[in-house]
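For reference, the chains in residue letters:
Protein chains: 2
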Amino acid sequence: MIGCPFKIQLGDIMDIIYMKEALKEASIAYSTYEVPIGAVIVYDGQIIGRGYNKKEKLKNPLAHAELIAIDQATKYLGQWRLTACTMYVTLEPCAMCAGALINSRIDRLVIGARDQRMGCAGTVENITCHDKFNHKIQVEHGVLEEECSSILSDFFKMLRSKR
Amino acid sequence: MIGCPFKIQLGDIMDIIYMKEALKEASIAYSTYEVPIGAVIVYDGQIIGRGYNKKEKLKNPLAHAELIAIDQATKYLGQWRLTACTMYVTLEPCAMCAGALINSRIDRLVIGARDQRMGCAGTVENITCHDKFNHKIQVEHGVLEEECSSILSDFFKMLRSKR
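Chains A and B, in that order, give the protein sequences. Those letters in the first sequence? Residues 252 to 414, by our numbering. Those letters in the second sequence? Residues 252 to 414, by our numbering.
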């Protein structure tokens, strides 16, 4: 049997489209002087949760892009389970956000850039696909990696030039 | 130089007093048919954050006792850092909550019962004191362990008897 290359390409194109939406969220964070990280959650072809990092604005260590998007998506669906959903996030989730994704039972996680310091979807730790936990997430790295990485390095360069 | 045994005992007594407060929170969860887990955050001898598990009530996977208490404490202090604070929690935090504690830069974490399935303060994983992360928390296990463990086993026994 011959596989269908079109289907695979369509999946890739959709991943890029949704990662661009996550990048839009990251840009809002950038413009408000927050570390530019953005996330969206997709269910049945529709974005049902969006978030960008608001840690400094809200003075709250929980206000990461991923948690804000999860909160919105669960409210939209009216349940705590995000089964059959995919999160697109510009930077690999930290332990808190990776743990929140496990708790939400999300199916799939698509990541832009790796986080070499705090990344818990395979880089420093692997919370999203852990042998002993009761849920494992299908994880993909490297979608629009350069753009997701550049927005962060540009941000820190801008901050240094302002000081 | 001879150490002061009174000081050590006073610390232990305070830990028990605050863990009893966390158990009060867990009892509220029990009475609302939520898995009974409770947490309090103490700063300068005062409880500045309290929380109990509300996952089912709020239909939200983020509504763990620890996150609710962190949210309250940061609002009280008007900053995202919980330096010089201690969290008392009846059950060992999961990855999400352990990660949130790291993100909040909390000093100390006192735990009642261990969580053999999802515990990320040394039992399944060690997020709270990880070699590579930028913050390490002083963790103590086993304060009022029997009470903290019993309230959970009683709850699940009650649920089974109702079915």
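In short, the hints are calculated from the structure, not lab data. Mixed in with the good hints there might be a few duds.
In silico lysine-lysine, DSS-like type, Cα no more than 30 Å apart, as pairs [stated by the list, open to error]: (1) B:Lys326 to A:Lys326; (2) A:Lys308 to B:Lys326; (3) A:Lys310 to A:Lys383; (4) B:Lys305 to A:Lys306; (5) B:Lys326 to A:Lys275; (6) B:Lys305 to B:Lys326; (7) A:Lys306 to B:Lys413; (8) A:Lys387 to B:Lys308; (9) A:Lys310 to A:Lys326; (10) B:Lys275 to B:Lys383; (11) A:Lys387 to A:Lys413; (12) A:Lys271 to A:Lys305; (13) B:Lys408 to B:Lys271; (14) A:Lys308 to B:Lys271; (15) B:Lys326 to A:Lys306; (16) A:Lys387 to B:Lys408; (17) B:Lys387 to B:Lys413; (18) B:Lys326 to A:Lys305; (19) A:Lys408 to B:Lys383.
Status of the hints after comparison with the structure:
1. This hinted pair checks out: B:Lys326 and A:Lys326 have alpha carbons roughly 23 Å apart, not beyond 30 Å.
2. The suggested pairing of A:Lys308 with B:Lys326 holds, with an alpha-carbon distance near 12 Å, which does not exceed 30 Å.
3. As the CA atoms of A:Lys310 and A:Lys383 are separated by approximately 34 Å, the hinted pair breaks the 30 Å bound.
4. The hinted pair formed by B:Lys305 and A:Lys306 meets the criterion: a straight-line CA distance of about 23 Å does not exceed 30 Å.
5. Taking the CA atoms of B:Lys326 and A:Lys275, the gap is near 28 Å; set against the 30 Å cutoff, the hint holds.
6. Of the supplied pair hints, the one linking B:Lys305 and B:Lys326 holds, its CA atoms being roughly 19 Å apart against a limit of 30 Å.
7. For the proposed pair A:Lys306 and B:Lys413, the alpha carbon gap of about 43 Å is over 30 Å, so the pair is violated.
8. For the proposed pair A:Lys387 and B:Lys308, the alpha carbon gap of about 25 Å is at most 30 Å, so the pair holds.
9. With a C-alpha separation of about 23 Å, the suggested pairing of A:Lys310 with A:Lys326 holds against the 30 Å cut-off.
10. A hinted pair counts as satisfied when its Cα atoms are at most 30 Å apart, and B:Lys275 with B:Lys383 does not qualify at roughly 35 Å.
11. Distance check on the hinted pair: A:Lys387 and A:Lys413 sit about 42 Å apart at the alpha-carbon level, beyond 30 Å; violated.
12. With a C-alpha separation of about 19 Å, the suggested pairing of A:Lys271 with A:Lys305 holds against the 30 Å cut-off.
13. With a C-alpha separation of about 22 Å, the suggested pair B:Lys408 and B:Lys271 falls inside the 30 Å cut-off, and the hint holds.
14. At roughly 34 Å between alpha-carbon atoms, A:Lys308 and B:Lys271 are farther apart than 30 Å, so this suggested pair is violated.
15. About 12 Å separates the Cα atoms of B:Lys326 and A:Lys306, which keeps this hinted pair within 30 Å; it holds.
16. At roughly 28 Å between alpha-carbon atoms, A:Lys387 and B:Lys408 fall within 30 Å of each other, so this suggested pair holds.
17. Taking the CA atoms of B:Lys387 and B:Lys413, the gap is near 42 Å; set against the 30 Å cutoff, the hint is violated.
18. For the proposed pair B:Lys326 and A:Lys305, the alpha carbon gap of about 14 Å is at most 30 Å, so the pair holds.
19. Using a Cα cut-off of 30 Å, the hinted pair A:Lys408 and B:Lys383 holds, with the two alpha carbons roughly 24 Å apart.
Hints 3, 7, 10, 11, 14 and 17 from the list above are not met by this structure, while the remaining hints are.
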